[in-house]
Amino acid sequence: MNERAQNARLLIALAMEACTTTFNLEKAVCNLGYFMMAPNSWIPSTQILQRPLRLSNFSTSVVVSISHPPGNASIIVEVHNTDNVSPQDEKIILEQVARMLRISERDETHLREFQNLHPEAKEKGFGRSSRSPTIFEDAIKSILLCNCTWKRSLDMAKALCELQSQLANGLISMKCEDLNKKSSNKGSKRKRVTEKLTEDKKCAEDCSDSQMLNGKNATSLGNFPSSRELVSLDEYFLKKHCNLGYRAKRILQLAKRVESGKLDLQKFEKESNSISAQEVYVKLKRVKGFGQFACANLMMCMGYYEMVPMDSETRRHLQQVLTSITSLPSYMWIYNDVYIDVIVF
Numbered sequence: 000m001n002e003r004a005q006n007a008r009l010l011i012a013l014a015m016e017a018c019t020t021t022f023n024l025e026k027a028v029c030n031l032g033y034f035m036m037a038p039n040s041w042i043p044s045t046q047i048l049q050r051p052l053r054l055s056n057f058s059t060s061v062v063v064s065i066s067h068p069p070g071n072a073s074i075i076v077e078v079h080n081t082d083n084v085s086p087q088d089e090k091i092i093l094e095q096v097a098r099m100l101r102i103s104e105r106d107e108t109h110l111r112e113f114q115n116l117h118p119e120a121k122e123k124g125f126g127r128s129s130r131s132p133t134i135f136e137d138a139i140k141s142i143l144l145c146n147c148t149w150k151r152s153l154d155m156a157k158a159l160c161e162l163q164s165q166l167a168n169g170l171i172s173m174k175c176e177d178l179n180k181k182s183s184n185k186g187s188k189r190k191r192v193t194e195k196l197t198e199d200k201k202c203a204e205d206c207s208d209s210q211m212l213n214g215k216n217a218t219s220l221g222n223f224p225s226s227r228e229l230v231s232l233d234e235y236f237l238k239k240h241c242n243l244g245y246r247a248k249r250i251l252q253l254a255k256r257v258e259s260g261k262l263d264l265q266k267f268e269k270e271s272n273s274i275s276a277q278e279v280y281v282k283l284k285r286v287k288g289f290g291q292f293a294c295a296n297l298m299m300c301m302g303y304y305e306m307v308p309m310d311s312e313t314r315r316h317l318q319q320v321l322t323s324i325t326s327l328p329s330y331m332w333i334y335n336d337v338y339i340d341v342i343v344f
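For the sequence shown, this note's numbering begins at 0 and goes up steadily by one.
Rather than coming from a laboratory, the hints here were simulated on the basis of the structure. Be aware that a few hints might be false.
[What the hints assert, rightly or not] Calculated lysine-lysine pairs in the DSBU-like style (CA-CA distance at most 35 Å, straight line):
(1) Lys157 - Lys261
(2) Lys255 - Lys266
(3) Lys248 - Lys269
(4) Lys282 - Lys255
[What the hints assert, rightly or not] Cβ-Cβ distance ranges computed for the label pairs, FRET-style:
(5) Ser55 - Glu119: 40 to 46 Å
(6) Ile42 - Gln252: 15 to 21 Å
(7) Asp310 - Ile42: 25 to 31 Å
(8) Asn83 - Leu116: 24 to 30 Å
Fair warning: this is a prediction, and the values are worked out from it, not measured in the lab. The beta carbon of each residue, even a glycine, is placed where N, CA and C say it ideally should be.
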């Protein structure tokens, strides 16, 4: 990339409309731990969220910096390394930002209803939680959160983004078929694969292509991989390359169902006003890799709040606060006249 392209930038604005009076970028981003998961990069000193987003062809990514200047009725999106995008690309970029920060009439209604029930939350600006630009990324991250430490979840997300950068830059040249672990020469083949992975990772570290984050404060990562990018990969390769363990199989199964059209995650989100939470839960439970916690977490990202995803740490905190409750059941319970489904993870 030449110096002129590296210095180029484009500013576009996302009007907040009804969200103007309630929106706070820092609180929206940092209310949920997703902001710590790659490829997100939150810069506290400048109050900027930086990450790659897809263009309208869904194969090309651009790095953006998202900010909200004080008193501004719009969110400012700075697109790096270009001074021009098509109207369709601009539309797609703004749609992704709006989804991430829940800038919509429906999300604003949910926020105000919640804050009316909890005045203290309103005073603290609590209630708008960030999510991913796409529901597929939310789905994969929901799987990454299960049965492991928070650090392991972060490491796996980072590894997937590094893999996407390598795929986008053509640094992974091997064919997935060559990684079939049923091969009679499995041992030596795995050794060659390991050597190749090390070589590919070194290439990625040295690469400065535009597909990688190159903002001043950003980590050099790729975008989060799409279902289209993942379906071409071999399970064993994905498992070893990203240290995903059993999750590699589940992630590939999910990607293949999405790409084949057998699972339409976007439909659940778009038709959330007509499809009940119970219907969505039943359908998601049929997807391999989605237990109670993953279902509840993804449903929250979709805008269904009837089921609360609860890990062991959250459960412990609730038991400390609600001292009259000795154990939290995995069914509906009432607290302060609000019905909540508690899913114990």
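Per the hint of 24 to 30 Å, is the separation of the Cβ atoms of Asn83 and Leu116 within bounds? 46 Å, violated
Pairwise beta carbon distance, Ile42 to Gln252, judged against the given window 15 to 21 Å: Violated, at about 36 Å.
Taking 35 Å as the top limit, are the C-alpha atoms of Lys248 and Lys269 close enough? Within the cut-off at roughly 28 Å; holds.
Quick check: does the Cβ-Cβ distance between Asp310 and Ile42 fall within 25 to 31 Å? 27 Å, holds
Could you grab the alpha-carbon distance between Lys157 and Lys261 and see if it respects the 35 Å cut-off? 28 Å, holds
Are Lys255 and Lys266 close enough, with their CA atoms no more than 35 Å apart? Roughly 17 Å separates the two Cα atoms, so the pair holds.
Could one say that the CB atoms of Ser55 and Glu119 fall in the range 40 to 46 Å? 42 Å, holds
Is the hinted pair Lys282 and Lys255 satisfied, with a Cα-Cα distance of at most 35 Å? 16 Å, holds
Violation of the numbered hints given earlier is confined to hints 6, 8; the remaining hints are satisfied by the structure.
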